[in-house]
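Enquirer: The lines below spell out each chain.
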Amino acid sequence: MTSQPPTAIEATGLVKSFGDTRAVCGVDLTVRRGTVYGVLGPNGAGKTTTIRMLATLLRPDAGSARIFGHDIVRDAEQVRELVSLTGQLASVDEDLTGHENLVLLGLLLGLKRAEAKARAIELLAAFGLTEASGKLVKHYSGGMRRRLDIAASIVVTPQLMFLDEPTTGLDPRSRNQVWEIIRTLVAGGTTILLCTQYLEEADQLADRIAVIDRGTVIAEGTPAELKASVGSGALRVRLLDPEQRPDAAHVLERELGASHLEPDPAALSAPCADADRGAEAIAELARTGIRVAGFSLGQPSLDEVFLALTGHPAEEPDDEQAIDLQEERAA
Amino acid sequence: MSTQTTRVPTTPPATEEEAAALRKALASTPRPPRASAHQAALAFGWRGMLKVKHVPEQLLDVTISPVMFVLMFTYLLGGAIEGSTSAYLDYILPGVLVMSILFTTVYSGVALNTDLTKGVVDRFRSLPIWRPAPLVGALLGDTVRYFVGGTVIVVLGLALGFRPDAGIGGVLAAMALVIVFAFGLSWVFTTLGLLLRSPNAVMNAGFMGIFPLTFLSNVFVRPETLPDGLEAFVDVNPVSILATASRGLMQGNADGTDILIVLATAAALTAIFAPLTTRLYRRG
Chain A
610 MTSQPPTAIE ATGLVKSFGD TRAVCGVDLT VRRGTVYGVL GPNGAGKTTT
660 IRMLATLLRP DAGSARIFGH DIVRDAEQVR ELVSLTGQLA SVDEDLTGHE
710 NLVLLGLLLG LKRAEAKARA IELLAAFGLT EASGKLVKHY SGGMRRRLDI
760 AASIVVTPQL MFLDEPTTGL DPRSRNQVWE IIRTLVAGGT TILLCTQYLE
810 EADQLADRIA VIDRGTVIAE GTPAELKASV GSGALRVRLL DPEQRPDAAH
860 VLERELGASH LEPDPAALSA PCADADRGAE AIAELARTGI RVAGFSLGQP
910 SLDEVFLALT GHPAEEPDDE QAIDLQEERA A
Chain B
4 MSTQTTRVPT TPPATEEEAA ALRKALASTP RPPRASAHQA ALAFGWRGML
54 KVKHVPEQLL DVTISPVMFV LMFTYLLGGA IEGSTSAYLD YILPGVLVMS
104 ILFTTVYSGV ALNTDLTKGV VDRFRSLPIW RPAPLVGALL GDTVRYFVGG
154 TVIVVLGLAL GFRPDAGIGG VLAAMALVIV FAFGLSWVFT TLGLLLRSPN
204 AVMNAGFMGI FPLTFLSNVF VRPETLPDGL EAFVDVNPVS ILATASRGLM
254 QGNADGTDIL IVLATAAALT AIFAPLTTRL YRRG
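Those protein sequence lines, which keep their order, are chains A and B.
Count along the first sequence from 1, then add 609; that gives the number in our numbering.
Count along the second sequence from 1, then add 3; that gives the number in our numbering.
Read the hints as simulated data drawn from the structure, not as lab findings.
Any given hint could be a false lead.
[To be verified] Below, computed lysine to aspartate or glutamate pairings styled on EDC-like, alpha-carbon distance capped at 20 Å:
| hint | chain 1 | residue 1 | chain 2 | residue 2 |
| --- | --- | --- | --- | --- |
| 1 | B | Lys27 | A | Asp780 |
| 2 | B | Lys54 | A | Glu703 |
| 3 | A | Lys747 | A | Glu789 |
| 4 | A | Lys721 | A | Glu703 |
| 5 | A | Lys747 | A | Glu724 |
| 6 | B | Lys121 | A | Glu703 |
| 7 | B | Lys27 | A | Glu724 |
| 8 | A | Lys726 | A | Glu740 |
| 9 | A | Lys721 | A | Glu731 |
| 10 | A | Lys747 | B | Asp118 |
| 11 | B | Lys121 | A | Asp704 |
| 12 | B | Lys56 | A | Asp704 |
| 13 | B | Lys56 | A | Glu703 |
| 14 | B | Lys27 | A | Asp704 |
| 15 | A | Lys747 | B | Glu60 |
| 16 | B | Lys54 | B | Asp93 |
| 17 | B | Lys54 | B | Asp64 |
| 18 | A | Lys726 | A | Asp704 |
| 19 | B | Lys54 | A | Asp704 |
Predicted model only: the values in this text are computed from it and were never measured.
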């Protein structure tokens with residue numbers, strides 16, 4: 610392990626087209642071993658195509674990439690011995706049981722039948738799937754399927770794991786479970802390339818993030834760097850009564866110069882670098898009779914980063930974000 | 004970052020044992036030696052068997068259909084072609100065995116095409132295994148289905164009065180020959196399965212090929228009764244040669260040349276279409 614090079618992924622100028630569509634147009638990535646690298650972008654940005662090239666499933670049209678020093682085209686077999694893939698479509702066999710899925714992968718990875726069975730039982734227990742082990746995967750819930758999917762990726766511990774949108778479509782509880790699993794994996798030394806369209810997910814898990822849009826990397830850095838590159842900071846306010854939001858927006862514009870309506874109908878934000886001025890703005894809201902449920906002052910969210918970098922929002926507002934905002938309020 | 008210091012706990016905190024079990028399971032395990040080619044292929048064969056176990060209806064095409072074929076053709080054509088159903092049975096039974104099993108090979112392509120729409124294929128393709136293993140394994144699983152179908156036909160034939168002169172050994176040899184040929188032919192349909200867009204398209208194209216190939220053979224009628232041009236085609240049709248060889252093996256008068264031609268055809272089909280299928284499968 611110590612003889613491995615410090616760089617897990619080194620990709621330069623990766624290009625892939627499908628017919629007339631250029632899905633990936635020159636992606637460069639450098640991922641240090643033992644870290645989580647987030648690839649963040651909306652649907653269709655080229656994330657999955659990039660992952661499929663790095664996992665040796667697609668041959669790049671141009672450019673090259675090395676996984677722990679092995680070329681993804683020339684040394685594809687060596688690369689396959691180091692990586693595992695958890696695809697966007699759950700990469701498990703729906704027509705088999707959870708136990709059978711894991712035993713099958715154990716056998717394919719070279720375990721003896723008894724070892725494969727023991728490993729399957731161990732993983733099912735660790736991922737809370739013991740009761741469901743004899744059930745066909747097509748009857749699993751989304752969260753159970755994702756956990757099995759990740760378990761299938763670590764039947765034999767990979768050096769590098771590709772996770773393609775591991776929490777898309779999961780409820781918050783299942784999502785947090787998946788996050789815990791990812792954190793434990795990283796603590797154990799596995800490098801992870803995490804594709805996500807959830808800004809919060811990248812912020813929570815990734816050491817570095819590449820923001821990808823229309824097939825190219827448009828920004829790269831730590832979450833803090835990305836936020837700092839966009840602007841100073843923001844005051845976020847959540848109201849008790851969404852009806853009062855237009856009035857609150859007026860007050861914030863008067864006090865801080867601008868305001869921005871958040872996806873949550875009761876929330877809004879305003880640029881604010883100075884805590885004192887933020888406090889005054891809150892006090893002014895109270896004086897004009899606007900009831901505030903909570904507020905926070907901090908760096909801009911990755912949502913704002915994405916908007917600033919691309920000129921268009923990263924995703925449609927959905928329930929997920931509303932939950933995020935509620936959670937933020939508790940901060 | 005100050006906006007995200009604490010979170011509303013949406014997951015009940017895991018117990019210490021659960022957390023420890025997770026850490027232990029995730030602890031780095033030494034990588035076992037790479038699976039050998041036959042170990043990987045057998046694992047995929049096992050996968051095929053498990054699918055049959057969970058959805059036994061999949062065996063309908065190798066159980067009910069052959070029974071139908073034997074009964075239908077024996078009683079429909081027997082009197083007209085050979086004068087009596089019992090006389091015809093000796094001729095048609097090896098033929099129906101050939102036809103039923105060759106029909107089943109189309110399903111290998113259909114099953115592969117269905118598989119491709121699922122995410123699990125991406126995982127298989129990213130594993131460090133012998134490249135043709137998923138395909139060879141699936142076809143090995145299919146040969147078990149062929150064997151089941153063949154057994155059904157022979158047992159039914161015996162019940163109807165079919166008496167092969169070469170006994171059980173001859174019947175098994177004939178079945179083995181048909182299965183080897185079917186293995187070779189199924190590579191054609193797996194290639195088709197990777198080239199066409201939907202399982203239905205594979206099914207239609209497959210049967211468009213297999214129907215003329217089986218009906219324009221000596222499976223049902225003696226070629227001497229056919230118009231000249233058709234007879235010439237029927238005589239060189241590998242399905243005819245396979246049917247003749249199977250009859251010969253069951254009756255104890257097989258022609259070695261026929262058997263060799265069948266084996267060579269199966270080998271040629273495999274040599275051409277197995278690498279083609281493997282390349283298409285890897286390309287994704």
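Enquirer: The structure should be examined with respect to each hint, and the outcome stated for every one.
Expert: Verification of the supplied hints:
no.	hint	in the structure
1	B:Lys27 with A:Asp780	26 Å, violated
2	B:Lys54 with A:Glu703	10 Å, holds
3	A:Lys747 with A:Glu789	24 Å, violated
4	A:Lys721 with A:Glu703	23 Å, violated
5	A:Lys747 with A:Glu724	26 Å, violated
6	B:Lys121 with A:Glu703	9 Å, holds
7	B:Lys27 with A:Glu724	16 Å, holds
8	A:Lys726 with A:Glu740	16 Å, holds
9	A:Lys721 with A:Glu731	15 Å, holds
10	A:Lys747 with B:Asp118	14 Å, holds
11	B:Lys121 with A:Asp704	11 Å, holds
12	B:Lys56 with A:Asp704	10 Å, holds
13	B:Lys56 with A:Glu703	14 Å, holds
14	B:Lys27 with A:Asp704	29 Å, violated
15	A:Lys747 with B:Glu60	17 Å, holds
16	B:Lys54 with B:Asp93	35 Å, violated
17	B:Lys54 with B:Asp64	15 Å, holds
18	A:Lys726 with A:Asp704	18 Å, holds
19	B:Lys54 with A:Asp704	6 Å, holds
Going down the numbered hints, you'll see the structure goes against 1, 3, 4, 5, 14 and 16, while the others check out.
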